[in-house]
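Using the hints, position chains Y, H and E against chain V.
Residue numbers (the working numbering), protein chains in the order written: chain V, 1 to 525; chain Y, 526 to 622; chain H, 623 to 793; chain E, 794 to 1525.
Please keep in mind that the hints were generated in silico from the structure rather than gathered at the bench. Note that this is a predicted model, so its numbers are computed, not measured. Careful, some of the hints might be misleading.
Claimed, not checked - To give an idea of the interface, some chain E residues facing chain V are shown, with a C-beta separation under 8 Å as derived from the structure:
#1 Arg-840
#2 Leu-1005
#3 Gly-1012
#4 Phe-1036
#5 Ile-1040
#6 Tyr-1046
#7 Trp-1475
#8 Ile-1477
A virtual CB, placed ideally from N, CA and C, is assigned to each residue, including glycine.
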Amino acid sequence: MRDFLGGIGYERWVLPALLLIPIAGAILIYVARIGRGRADDIANAGSARVIALATLTIEFLVSAGLWWTFDTGRSTWQNVVMKAWIPEWGANFVVGIDGIALMMILLTTFIMPLSVLGSWTSIREKLPAYYALLLVLTTGMIGVFISLDLLLFYVMWEVMLIPMYFIIGIWGGERRLYASIKFFLYTMVGSLLMLVAILYLWVQTWQAGSPTFSYDALLRSVDVGRTAGLLLFGAFFLAFAVKVPMFPFHTWLPDAHVEAPTAGSVILAGIMLKMGTYGFLRFAMPLFPDVAMLPAVRTTMLALAVIGIIYGALVAMVQPDFKKLVAYSSVSHLGFVMLGILALTMESVQGALMVMINHGISTGALFFLIGMIYERRHSRMIDAYGGIARVVPLFAAMLTIVSLSSIGLPGTNGFIGEFLVLIGSFRTQPIWTVIAATGVIFAAAYLLWAIQRILFQPVTHPENERLTDLNAREVVIMAALVIPILWIGFYPQPILARMERSAAQFISDVERGATERSGSARVGN
Amino acid sequence: MIQEALFFSAVLFIIGVVGVLTRRNAIIIFMCVELMLNAVNLSFVALSRLYGIAGQVFVIFVMTVAAAEAAVGLAIIISIFRHHENVDLRNINLLRG
Amino acid sequence: MGLFYTFNFYLFGVLAIISAVTFVTRRSPVAAALWLVNTMFCLAALYVMMDAQFIGAIQVLVYAGAIMVVFLFVVMLLNLGHASDVTDVMSGKTRLAAAIAGLLFLAELFVLWKDDAPVPIAPPVEPAESGVIAQVAAPLFRDYLLAFEITSVLLLAAIVGAVVLAKRKTT
Amino acid sequence: MLLQEVAAAGAHPLSGTVATWMWLLPLLPLAGFVLNGALALAATYRRGPSDPTVHADHTHGAGHDTGHAGTAHPDHDTAHHAPTRHRYAGLVSIIGPAVLFAAFGLALSIFGAMTRVDHLEQPFVQRYFTWMATGDLRIDAAFQLDQLSMIMVLVITGVGALIHLFSIGYMRDDPGYPRFFAYLNLFVFFMLVLVLGASYPVMFIGWEGVGLCSYLLIGFWFSDTANADAGKKAFIVNRIGDFGFLIAMFLLYAHIASLDFVGISQRAADLAPGIVTAICLFLFLGCAGKSAQIPLYVWLPDAMAGPTPVSALIHAATMVTAGVYLVARSAVLFALSPVASLTVAVVGALTALLAATIGLKQWDIKRVLAYSTVSQLGYMFVGVGVGAYTAGIFHLVTHAFFKALLFLGSGSVIFAMHRAYHATHSHADAQDMRNMGGLRRYLPWTFALMWIATLAIAGIPLFSGFFSKDEILAGVFARAGHSTLADVSWFGIPGNVLLYAIYGIGLFTALLTAIYMTRMMLYTFHGPNRTGETERSHLAEAPWVMTLPLVVLGVLSAIGGWLNIPELMRFLGPPQWLHHWLDPVVGAPALAVTGGAPVHLTHQTEYMLIGAAVVIAVAGILFAVARLKPARLVPKAQAVPERGFARVLANKWYVDELYDRSVVRPLVGGSRRLLWTVTDKWLIDGLLVNGSARLTGFFGRIGSYWQTGNVSTYAWAIVIGVLVVLGAFTLR
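Next comes chain V alone, as it looks inside the complex (with noise of 0.2 Å):
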């Protein structure tokens, strides 16, 4: 497989194919739209939908090469292509994947195609322009793991907010407009205080020389005094934490949830969190090693992680909505992510990656399995259900084995995370990770709370006696969910093994470049 793939130069051309296939499917719908009439409900553009899993399916074998191609050996960046984008500033379209974006590509283009065929019958109107959406932001997603430059960093993460903005606020719920608006904001605010943060290192290599966005140089360079340092981290911070969402930045998530469709939030659960952990492991942390290994700072991000934990879980446990809940699961979860990269050794920054991975699958599956009921009752109420074990055994079974795995209990994937995070954190953290852990108490509780008021107790609602099992696309949807659930809970082994390198190159830039503050760039290019 390696060598086939080295022969027609895979590695030249994967990453900015990666981008470009998204783009070709988005253009290929509306080709296939013209002369079709302007109605566009599932009848007649039901052609959106088969392109758009097409190009995703596409998208997902394109990218399973690099699980095989991946060289675990190297702690460089690799299938790296760089093109002139603006020379004058510096700004190169310079694209390179390591162990942690190579799993999240492999995570986005697992995902999206399921997300295509989760959303096959529940999206009814203006679909050639959802589908479009979808390609746009999964090209935006990939974009913003793969790029090595800041400028093109930022501009991928426009591009990622704006289709999931649309998605919220056309085919959402009743308070969709508010929640998308809301959503927008919340980020928006974030990323513009990043790009000052960018623009201002960006001036910083100007007056130096040599204006340039490329990430190596940065990270060699960034020589910003003690103030300018924690104003420049913050502003990192601020973005990203919004993204987590860490504790205080966190209300956009349940209403954007809430309001999403189905697609919207699995993506937005799946992917879209996992960009805020990623910047902090890619930008915020390594950028600014010293300011965030200060005492204070670290305490308060350890504080507000361990925060989210708690907080999220216990509110989580009274939330009459299932997708509220599950959003705050979330918090829950990511917060045990910045718990991982937080406590900087090498087993809790490979957990908080495996908890990122497999909180987007199990995540993903819940979303998913709250779309199937909603579509079939239209209600996201806990109590609207009652007793639908016996009605429909599948779905229940399924809802079962992802909530177990949602929970953390071993052979599921979600304890291999959560473990891995705790028992390294327990290390450098001890006292953090103990309440902490109290977390996996929470978990349980409010799961399980939620899916006896859901499966078991007697059928209240006459409605649930009616309700159809799953049909053969939701089956294909949650099969393609829980193997990998269960085989990640059993052998997370070769997940781990490409993931050690960039964590071990992680942990040592923050500490290297704490202690003698001249971070010190990545051998070779």
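Chains Y, H and E only, in chain V's frame:
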């Protein structure tokens, strides 16, 4: 004589301003604005004796602008008149925010 | 500078101010317009006395002659001539405020005036033998040609605008 | 499964033998689970329409009932139509037990191979693949077979197989039949993984897995809220215990960077005493959660909501003993921290006493047995707490026999009662002793076998209970004199005083055990029958498939004692067999690491202890027979609620209510009112987010107030502006 000319121009300008602030008839306000422009022309001419002929050239430009403004202003007043039967400023507030 | 010159200068200055004051206080627009014309004539005289003969002529021709005629024409067209019954002046309070504003304005100018008399940069221009108009025409058509062209475009726009605005809507 | 034979294992005496098939032990029940699960789903799953939204609108609109057949669920008491056997009942009845018996057979052959090897020092560890390896953490998916895990495997597969056999009959008419066997098999799989795990994390898979299965099985008849609640309560309380287990693992890893038992036993010595005590206390928190000790025992009585075979297998024989196994497995650590061991013993004793008192006043036959289990578990923890690990495990094994027998006996009683009530369509409670009485005439086999078990649990000589319970009490008494535990002080109380107190509590609890067990037997089998005239004719012995396991367990309860006959009764057979068998795993390493000497009693003290125990047991039985008058009992419908102290006991010392009001309600209410509404909705959303939106709106309105559209306002604005600017200049 420049000091006196500038003094006269200042007084005329202020009279124009007071006129604009106190009158309610649109046409009268227009004429006050013309008066203010003339005051400015006077100071231009006075100072052109000190700073070169450019002052006088600029007076010509001021005049053309004044002419253009007068034409368009009066056209507006006519259209307002056609609508309101009078040109009292108090009831012309279409642009209220 | 001859006594005659300063006397005339002051005469026309004061005349201009008086006619401006009466212009502002006239009720009927026609009377106001005529007083404004008178102010313009005094100004034209002042221009001539300050060696700006061409500007003085233009003032009389363009300003007093053309613009004020248009004003009078519009006043007559809308037969606003007679002093309209409703008081055309703002309430007492506003007028008082306006007067105070004017005095304050004057006081500030006077304060500003005191400290630095305008110091001449360019040498005082003595009337060249090449005639009055050439003095103005030369810079106009050489240094400020572009501005000159722009003003012509401005005038064109004004004309078109005026016609369009004032045309009776035939809907 | 790529089999990586580790070099050490290669040289291991067992490596050639059938022990290499060790991984098949858990795999068989897993296969059973997969097959039964597939059958369960295949029977009930009906593929939904391709476009659910459209379909949903139709059905609501048309409102016709599609009549989901097949999964109509006859609850215990709504059986109006003839019970229909499940389509695949036959197939499942074969797969379920067959898988267990195969596992039991394999376990026996491995046991044979182990006994042939004369003195097995090193555990036989098989590594299959690296499960997690990051930084210097390296956890392998590995199984470890040594004497201790062999005993546990035998108990699990043996008793498990019998219980599977029993449930063929007991669950015959249940529509969820395949689903029941699937969960039961899954449970045995996880229990075997727990027991065979070679490191704490692998053990943790089994640990939480059995928690999951007990959740699924307690809430098996989930359409009844009480059962679902009981399941949820069990899982969450277990989860609190697991939290302790996790913290213990982190402490271990943080300090000696190894999590597998072999590594720990080598490096345990260089742990600081404080750390070891912390580790052991957290481990014990885990045990308290799983094996229902104070304060986390509240879930076990509620777990009786599950079907009786489940109570027998999970909540009597296997899962609840996982805690005891954990303490025995980490004998090295507990030996190193006397304070923690004393805590275990004290908590064990208190739990035993508390549960025994509550057991006195329970009317539901299964609740009596549940509290008896909690009490006996307390005994086992006393055993392993004081360091008599062999005694603890011995009691675990014998308890598995007679408690499983008691539960299955009560199962056949309930089955008979249910069948009788079913026949006459009455809705009386089939599990309440007040509706029973005089059943010895109708269920002779069950009656006889249950008496064997009662005698065993009460501690009548020659029955298994007598040997194991007496061994524990002897262990406590021996160590009370002089031992590492005796001279350490526990929160101010000197060790030996504590140990004597524990011995006293142990004896008193033995008395209570004898009393409530005899009470149960009297009310159920003796005295007049209170079931009701018409039902009486339907009372009959359960089918042989249910009675056979009872017989086997009866025999085991009777002769269980021979496993570990005390020294001075050498005439009965090979003495101390279990002691010698478990010594390399539990005995020697623990003593080696603490440098202590094995403890033994003089013969006359042992005789004195045995005498005391026998007297207590007989006194208990006679007291119960004398005091309790089954004749005066009335059926549950007319029963008058107890008063005074009896009411406190009947209401389980109000512990559930205490937990609910002190923990659950403030947590849920607090997080709803304080966290969600106040911080989230009001503070962050209201104040900051929407607040800033309102603020900009406010400024906007101010701005528009000034735009009056009236030209003179603008003129004034300009003039004022000019004046201000000029003014600024004048002040310069």
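*Out of the numbered hints, which ones does the structure contradict?*
Structure breaks hint 7 only.
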